[in-house]
Amino acid sequence: MELYTPIFVLGGIGAAFVIVSMIVGAIAGPKRYNRTKLQAYECGIEPTPQPVGGGRFTIKYYLTAMLFIVFDIEVIFLVPWAVHLDALGIFGLVVMILFLVNVSIAYAYEWRRGGLEWN
Amino acid sequence: MIPLSLSETTLPTVTTQAPDLDYWLLSPLLVVFAAGVIGVIVEAFVPAQRRYSIQTALAMVAVGVAFVLTLVQVGALPADSAGLTLAFATVVVDRPSLFFQGVILALALASLLLIAERRDGESAFTGQAAAVPGSEEERAHVLAGSQHTEVYPLVMFAVLGMQLFTAANDFLTMFIALEVMSLPLYLLCGLARRRRLFSQEAALKYFLLGAFSSAFFLFGIAMVYGYAGAVEFAAVRAAGSSGGLIDGGEPLLLIGIAMIGVGMLFKVGTVPFHNWKPDVYQGAPTPITALMASGTLVAAFGAMLRVFYVAFGTTVAQWRPMLWVVAILTMVVAAVIAVTQRDIKRLLAYSSVVHAGFILTAVVAANADGLTGAMFYLAAYGFTTVGAFAIVTLVRNPDNGAEAGDLTQWAGLGRTSPFLAASLGLFLLAFAGIPLTSGFIGKFAVFEAAVAAGATPLVVVGVLSSAVTAFFYVRIIVLMFFAEPAENAPRVLKPGILTGTTVGLGVAATLLLGILPGPVLEHVIPQPAAETSEAVAAEHTAADSLFAR
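As you go down the protein sequences, you meet chains A and B in turn. Counting in the UniProt record's numbering, the first sequence runs from 1 upward without gaps. Counting in the UniProt record's numbering, the second sequence runs from 1 upward without gaps.
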C-alpha cells in the first residue's frame with residue numbers, strides 16, 4: 001500500500017487544484033462577455049454557421065476527424081522510425097515508404113469520393 | 001521515490017535490427033491484403049459503373065490465389081518439423097494455421113459468390129449507406145442504381161484479419177488481427193439493402209459489444225503480461241510451468257486467462273456472451289451473415305485453440321473448469337432458446353451458438369484428438385452453414401422482395417421447390433448430426449476426444465442438447481415437406497450461377513465429409529507426429545503437439 005501513497009497524494013493535489021481554481025474563477029473572475037467569447041471554439045477565424053439555438057456541431061466534422069486520425073497515426077509511427085533511422089537502414093526506409101503509400105491510399109479514397117468538399 | 005522492484009528482464013528489449021521477413025511464407029496474407037488495398041484504389045479512381053466487375057474479379061482471384069498458395073505451403077512444410085515462426089516470431093506457419101487459413105479462404109470464396117450475386121442489378125447491399133432510411137435521398141440513390149462496391153475491399157480486410165487471427169503467435173499480434181477482422185465486419189453488418197433500420201441496429205450492437213469484448217481481451221493481455229513478463233505464447237507457456245515473474249503472481253494469470261477467455265468466447269458467441277449473435281445475424285445482409293457464421297467462427301476457434309493449447313498449455317487445470325461451465329451453459333441454454341425461434345436467420349444464429357458449444361467440448365478435451373476433432377468440425381460446419389444461408393437468400397417475400405424470414409412462410413416449400421428444400425433439409429440434418437452427413441462425423445470426433453479426456457458429463461449434456469436441436473431442425477423439414485403451402489407463400493428465386501455454386505459447394509462438402517471422411521481426416525487434417533512409443537505415449541495426447549512454437 002505504501003507504494004501507492006505518492007500516487008494518491010499526487011492525485012489528490014491534482015483534483016484539489018482543479019476544484020479550487022474553478023471555484024476561485026467563478027467567484028473572483030470578471031465576467032465581460034462579447035460575441036467572440038460566446039462562440040464555439042474552432043480552429044478557424046470564422047466559425048462554421050451553426051443552426052439557430054446552436055450547440056451542435058454538424059455531422060460533416062466526422063470526415064475531418066477521420067482525416068486527422070489518418071495523419072495522426074502516421075506521425076506517431078514516423079517519429080520513432082526517424083529516431084532509429086540509422087539502425088533500420090534501407091529496410092526501414094522501404095517499409096516506411098510502403099506504410100506511407102498505404103496511408104495515402106486511404107487519403108486518396110477520401111479525396112476522390114468527395115470527403116474534402118464541404119458542401 | 002517509488003521503489004521499482006521489477007527485474008531487468010521485464011524491460012522490453014530494444015531491437016535495432018530489421019526483422020527477417022519471409023515473404024514467401026507470408027504470401028497468402030499479402031495477396032489478400034494487396035487485393036484490399038487495390039480495391040480501395042479502384043474505388044477512388046475507376047468510374048462507378050465499372051467497379052463491380054473489377055472488384056468481384058479482383059476479390060475472387062485474390063482469394064483463389066491465396067488458397068492455392070496456402071496449399072503449396074502445406075506441401076512445402078518440412079515433414080519433421082511442426083512449423084516455422086517468422087517476423088520476430090509474431091506469426092507462425094504450421095499445419096493447424098495453414099489448415100484454418102485454407103478453410104477460411106474456401107469459405108470466403110463461397111461467401112464472395114453470394115456477395116457478388118445481383119438480381120435485376122440489385123445486390124444484397126444498400127445503394128447509399130449514409131442516407132437516412134426511408135428518406136428522399138435514399139430513394140434517389142435506389143433509382144439511380146447506386147451501389148457500395150466498397151464491400152469487396154472490406155471483405156478482403158476482414159478475411160486478412162481472420163487469416164492472421166489463426167496464425168498469430170503472440171497476444172498483441174492476435175489483438176491486431178482481431179481488430180482487423182472485426183472492424184470491417186461491423187461496417188458490413190450495417191449495409192443490408194432492405195430493412196435498413198434493422199441492419200443499422202445490428203451494426204451498432206455488434207460494434208458496441210465487440211468493442212467491449214476487445215477491451216476485455218486487451219485487459220487480459222495486460223494481466224498475462226504482468227504475470228509472464230512477455231506476450232509471446234511460448235514465453236507465457238514457459239512462465240506457466242516455472243511460476244511466473246513475481247512471487248504470488250498466480251492471480252494475475254487467472255484473471256488474465258478469464259479475461260482473454262471472455263474476449264474469445266464473445267467472438268465465437270457462447271452463452272453468456274451470445275446475445276449479439278441472433279440480432280446481428282438477422283440484421284446483417286445474408287451474404288455477410290454467411291461469412292461471419294463460417295469464416296469468423298473458424299478464425300475465432302483457430303485462435304482460441306492456439307491460445308488455450310499453446311500459451312495456456314501448461315495451465316490446463318486452471319482454465320478447464322471455466323470452459324466446462326461455459327460449454328454446458330451454451331449447449332443447454334442456446335438449444336432451449338432455439339426451439340422457440342420463428343425466424344430462420346435467428347434460428348440459424350442460435351444453432352451456431354449451440355455448435356460453438358459442441359466445439360468447446362473439443363477445446364476442453366485439451367488433447368491432440370480434440371484439436372483434430374475441432375478442425376474437422378469447423379470445416380464441416382462452415383460449408384454447411386454457408387450453404388444454408390445461401391438458401392435463405394433465395395426465399396423472398398412476394399410483395400417487397402425482402403427475404404422471407406418467417407418460418408411459417410416456409411411451409412410446403414418441398415412441393416413448390418423440391419431441390420431447394422432438399423438442399424436445406426440436408427444442411428439441417430447435418431446440423432442435427434444425422435449419420436451420412438458431415439455433422440455426424442464432426443460431432444463424433446469432438447465427443448470422442450472429450451470422452452478420452454475424461455469429460456464424459458460434458459458429452460452427456462452434448463448428446464442431450466443434440467437431441468433437442470434435432471427436434472427443431474426436423475420440425476423445419478417436416479414443415480417444408482409435409483405441410484400445406486402457406487397463404488403468404490414466398491417467391492423462390494431461381495438460383496443464379498453464383499448462388500447455385502455456393503449451394504452446390506455446401507451440398508458437396510456436407511455429403512463428401514459425411515460419407516467419405518477418411519481421406520480428409522487422414523491427409524488434410526494434420527496428425528500428431530508418429531513418434532508415439534510408450535515413453536511418449538502421454539506426450540502424444542499433449543494438446544499442443546501440432547503447434548509450432
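The hints are simulated quantities; they were obtained by calculation from the structure and are not laboratory data. Do not take every clue at face value.
[To be verified] Computed, partial: chain B to chain A, Cβ under 10 Å: (1) L21; (2) Y23; (3) V37; (4) E43; (5) A44; (6) D120; (7) V492; (8) L493; (9) I497.
[As the list claims (entries may be wrong)] Keeping only pairs whose Cα atoms sit at most 20 Å apart, straight-line, the calculated EDC-like set for lysine to aspartate or glutamate is: (10) A/K60 <-> A/E117; (11) B/K494 <-> B/E137; (12) A/K60 <-> B/D399; (13) A/K60 <-> B/E137; (14) B/K205 <-> B/D247.
All of these numbers come straight from a predicted model, not from anything done at the bench. For each residue, glycine too, the CB sits at the ideal point set by N, CA and C.
Verification of the hints:
1. Proximity of B/L21 to chain A holds as hinted, the smallest CB-CB distance being about 9 Å (cut-off 10 Å).
2. Hint on B/Y23 is violated. Least Cβ distance to chain A is approximately 12 Å, over the 10 Å limit.
3. Contact between B/V37 and chain A, as hinted, is supported at the beta carbon level, the nearest pair being about 6 Å apart and thus within 10 Å.
4. Among the interface hints, the one on B/E43 holds; its C-beta lies about 6 Å from the nearest C-beta in chain A, closer than the 10 Å criterion.
5. Of the supplied interface hints, the one on B/A44 holds, with its beta-carbon coming within about 4 Å of a beta-carbon of chain A, less than 10 Å.
6. Annotation: B/D120 was flagged as interfacial toward chain A, and the flag is violated, the nearest CB pair being 26 Å apart, outside 10 Å.
7. Residue-level restraint check for B/V492 is violated (minimum Cβ-Cβ distance to chain A is 38 Å; threshold 10 Å).
8. Proximity of B/L493 to chain A is violated relative to the hint, the smallest CB-CB distance being about 32 Å (cut-off 10 Å).
9. At about 31 Å, the closest approach between the beta carbon of B/I497 and any beta carbon in chain A exceeds 10 Å, and the interface hint on this residue is violated.
10. With a C-alpha separation of about 10 Å, the suggested pairing of A/K60 with A/E117 holds against the 20 Å cut-off.
11. The hinted pair formed by B/K494 and B/E137 fails the criterion: a straight-line CA distance of about 31 Å is larger than 20 Å.
12. For a cut-off of 20 Å, the pair hint linking A/K60 to B/D399 is broken: about 37 Å separates their Cα positions.
13. A hinted pair counts as satisfied when its Cα atoms are at most 20 Å apart, and A/K60 with B/E137 qualifies at roughly 16 Å.
14. At roughly 41 Å between alpha-carbon atoms, B/K205 and B/D247 are farther apart than 20 Å, so this suggested pair is violated.
The structure fails hints 2, 6, 7, 8, 9, 11, 12, 14 (numbered hints given earlier, in ascending order).
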